[in-house]
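K.L.:
Full structure from sequences and hints, please.
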Amino acid sequence: EAGVVQSPRYKIIEKKQPVAFWCNPISGHNTLYWYRQNLGQGPELLIRYENEEAVDDSQLPKDRFSAERLKGVDSTLKIQPAELGDSAVYLCASSRTNRDREQYFGPGTRLTVT
Amino acid sequence: KQEVTQIPAALSVPEGENLVLNCSFTDSAIYNLQWFRQDPGKGLTSLLLIQSSQREQTSGRLNASLDKSSGRSTLYIAASQPGDSATYLCAVRRGGSNYKLTFGKGTLLTVNP
Chain A
1 EAGVVQSPRY
11 KIIEKKQPVA
21 FWCNPISGHN
31 TLYWYRQNLG
41 QGPELLIRYE
51 NEEAVDDSQL
61 PKDRFSAERL
71 KGVDSTLKIQ
81 PAELGDSAVY
91 LCASSRTNRD
101 REQYFGPGTR
111 LTVT
Chain B
1 KQEVTQIPAA
11 LSVPEGENLV
21 LNCSFTDSAI
31 YNLQWFRQDP
41 GKGLTSLLLI
51 QSSQREQTSG
61 RLNASLDKSS
71 GRSTLYIAAS
81 QPGDSATYLC
91 AVRRGGSNYK
101 LTFGKGTLLT
111 VNP
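Heads up: the protein sequence lines correspond to chains A and B, in order.
For what it's worth, this note's numbering labels the leading residue of the first sequence as 1, then goes sequentially.
For what it's worth, this note's numbering labels the leading residue of the second sequence as 1, then goes sequentially.
I should point out that these hints are in silico values taken from the structure, not numbers from a laboratory.
By construction, the Cβ of each residue, glycine as well, lies at the ideal position given by its N, Cα and C atoms.
There may be inaccurate statements among the hints.
[To be verified] If you want a taste of the chain B side facing chain A, the calculated C-beta under 10 Å gives, among others:
| # | residue |
| --- | --- |
| 1 | GLN6 |
| 2 | LEU49 |
| 3 | LYS105 |
| 4 | GLY106 |
P.N.:
In structure tokens:
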């Protein structure tokens, strides 16, 4: 079974530029999560999807961040415009349901904003 | 607001030693607690999950305990190996309708050959 796939793995951009991250969850997993992990910190949830519905986006900075999961499968997280403080690793995870015991994490996208 | 603290932040041990990683949390109303491993440049791999009604879980050389009333968990690694070198993260999941996962900052473990 393929794991959670994320691309790109690394991204370097200048501040004020837009950037997008893509995630393909494990097949059959209805719940998808985006986390941000700052250096030396644990991951923090940005948004959770149940199928195509964003059910928890309370931690998503909505002025510059947006996300979508149009067909309830893969998802895109966008930042526009990026700021220096957005440099972090962006992790995607999925589970069969939100009540499921296990969340499976992808390798993450390391974003550097210069 | 749930806060998760992990001590120590970093630990270096010689190969073969037994070691304990600590995790504490402020809100004891949790659904479960999970220990993860993160290798450099990689995502998180789940090691052990303890439901709130359980006291401990074991997998191979790993043993995790949970004392929900005191807000503490420990991860015990027996006979450590260089391949155990990684960052170990503790995360608690709250109950109710949200099931949000809150992580600690992790413990960076280095096992020296």
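K.L.:
Hold the hint about B:LYS105 up to the distance rule: shortest CB distance to chain A must be less than 10 Å.
P.N.:
At 5 Å from the nearest chain A Cβ, B:LYS105 passes the 10 Å test, so the hint holds.
K.L.:
Can the hint on B:GLY106 be confirmed by a CB-to-CB distance to chain A that is less than 10 Å?
P.N.:
Check passed: Cβ of B:GLY106 comes within 6 Å of chain A, closer than 10 Å.
K.L.:
Go through the hint on B:LEU49 and say holds or violated, using the shortest Cβ distance to chain A against 10 Å.
P.N.:
Interface hint status for B:LEU49: holds (6 Å vs cutoff 10 Å).
K.L.:
Against chain A, with CB atoms and a cut of 10 Å, does the hint on B:GLN6 hold up?
P.N.:
8 Å, holds
Hint compliance for this structure: every hint is met.
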